[in-house]
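Let the sequences and hints guide you as you build the complete structure.
Protein chains: 2
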Amino acid sequence: MIVIEQAREMQRYAEALRRKGKRIVFVPTMGFLHRGHLSLMEDGKQRGDCLVTSIYVNPTQFGPAEDLDKYPRDFDTDCRLCRGVGVDAIFFPSNGEMYPEHYQTYVDLGGVTQNLCGLSRPGHFRGVATVCAKLFNLVKPHVAVFGKKDFQQLVVIRRMVADLNMDLEIVGLDTVREPDGLAMSSRNTYLKPEERESALSLSRGLKLAQEMYAAGERDAGVIIAAVSRFIAGHPHAKIDYVKICDTTTMKDAARLDGECVMALAVRVGAARLIDNSVFGEPLLV
Amino acid sequence: MIVIEQAREMQRYAEALRRKGKRIVFVPTMGFLHRGHLSLMEDGKQRGDCLVTSIYVNPTQFGPAEDLDKYPRDFDTDCRLCRGVGVDAIFFPSNGEMYPEHYQTYVDLGGVTQNLCGLSRPGHFRGVATVCAKLFNLVKPHVAVFGKKDFQQLVVIRRMVADLNMDLEIVGLDTVREPDGLAMSSRNTYLKPEERESALSLSRGLKLAQEMYAAGERDAGVIIAAVSRFIAGHPHAKIDYVKICDTTTMKDAARLDGECVMALAVRVGAARLIDNSVFGEPLLV
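The listed protein sequences derive, respectively, from chains A and B. According to our numbering, the first sequence holds residues 469 to 753 in order. According to our numbering, the second sequence holds residues 469 to 753 in order.
Since the hints were derived computationally from the structure, they do not count as laboratory data. Hints may contain errors.
Which copy is meant is left open, because identical chains are indistinguishable; a pair holds if it fits in one copy or across any two.
Straight-line alpha carbon distances no greater than 20 Å define the calculated PhoX-like cross-link-like pairs of lysine-lysine that follow [what the hints assert, rightly or not]:
| no. | residue 1 | residue 2 |
| --- | --- | --- |
| 1 | Lys608 | Lys490 |
| 2 | Lys660 | Lys513 |
| 3 | Lys608 | Lys488 |
What follows is the structure, given as structure tokens:
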């Protein structure tokens with residue numbers, strides 16, 4: 469396994485692989501890897517000849533009042549974990565390498581970025597789309613693997629790849645959960661023991677929504693009200709949003725007719741947790 | 469020579485060439501080709517194994533009050549001209565192919581788009597950057613060749629390519645001129661015979677600026693005033709802008725210390741003409 473810090477070196481490495489006809493699989497991350505990331509890598513390992521991951525806490529996707537500075541980092545452990553799942557190359561650039569002097573280009577999307585986390589975190593998806601466009605051009609993957617926990621991010625990336633005619637396949641994999649149902653997240657490290665029960669209100673709220681859907685409920689407002697009430701009943705939980713959206717447009721859905729997703733963002737102590745579930749799909753909590 | 473209308477087919481064609489180790493050279497155009505375009509293609513032909521051009525009047529770089537509908541088109545003549553200079557493939561997509569339903573992704577740049585044509589034509593460079601990003605992903609060139617007549621466009625494309633880590637070389641070639649000095653442009657076709665003399669005020673104004681520079685003048689305001697007065701003395705000429713900018717930032721320069729460009733945009737009858745000259749570089753008028 470090699471660690472590459474320079475953008476040009478990453479690009480040359482990728483181009484050399486492509487010239488040899490090798491298939492490149494890419495798992496972009498912000499590091500502090502958990503079993504969710506590792507499951508993406510294990511899956512990715514089966515999809516090509518060379519598995520590349522990036523570890524980069526991208527500043528342009530954090531708002532000024534967000535947790536950029538205290539976002540957890542542990543590069544040595546990440547390296548060990550990557551080696552364990554067969555990563556071939558880690559791209560680990562500095563901010564100066566990614567956003568040098570005179571930097572001024574951003575990728576902006578419309579509707580799919582304007583609801584949910586796009587409302588709560590202005591500029592977030594601009595930063596996500598931009599850094600992914602850059603990483604795709606540097607790593608030159610044939611396939612990139614993302615988790616479905618960041619559902620809107622997956623929709624945004626797929627939309628950008630289609631719109632800008634980027635020649636790669638985007639794979640989305642199911643959210644990996646703790647045994648108690650909590651979605652894996654690097655930000656779970658912010659949770660205090662006494663906040664755990666409140667943190668579980670997300671996955672349990674999604675389960676409640678799926679049960680209502682299975683029982684025939686199709687009015688989004690009714691389901692949202694029930695789930696909001698359930699989450700708000702937990703002492704450390706502060707709802708950011710509880711929404712039901714069309715999975716293509718990410719616009720609020722009034723009724724659950726086409727494919728819809730319930731998306732949650734809830735602050736529990738110092739952590740802002742997100743979780744989601746597409747109606748009618750299995751939810752393993 | 470083949471003509472490709474489908475985006476996916478263009479991409480497959482390009483990827484097959486790359487797999488064979490072929491070097492792809494790309495000249496994007498809006499068609500209605502003149503000797504300026506052909507000089508880019510002739511130069512490009514020497515730079516690789518396969519010469520691809522695109523002919524696409526990109527709607528997203530035109531403002532609502534601009535000449536999108538009447539922009540001149542002549543695909544049959546363009547094909548003949550392309551064949552004559554050894555073009556291997558023309559990419560000729562429809563608007564539906566380039567901007568299908570749900571399309572919503574745009575590439576935005578900062579400072580370098582905010583002066584000159586970025587002021588006169590809001591959204592223009594967003595459209596240019598976006599369509600070039602798409603075309604680069606479809607044609608997969610090793611090198612793309614642009615004319616320097618659209619100087620700001622060249623700066624914008626170079627900035628985008630560097631910022632988004634696109635793996636291609638951008639080449640800028642000197643403006644090709646009519647024998648009387650008028651810069652080649654598809655929009656010259658809008659000029660009436662009696663407007664020709666006024667149209668020459670651009671190249672002659674640039675010559676005046678270079679003469680002042682050669683004589684030691686370094687105050688941008690003095691040169692701008694002289695050139696503006698000269699152009700305004702022509703009966704059909706309406707100045708859009710007469711500016712002197714730093715070639716890296718495209719910000720107005722007060723003094724000609726670093727590398728600076730004089731950039732002109734002048735309406736002559738129905739035509740909006742642009743021209744430019746970098747101080748100290750030869751100007752063949």
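- Message: To test your reading of the hints: which numbers does this structure violate?
- Response: Hint check: 2 fails alone, others pass.
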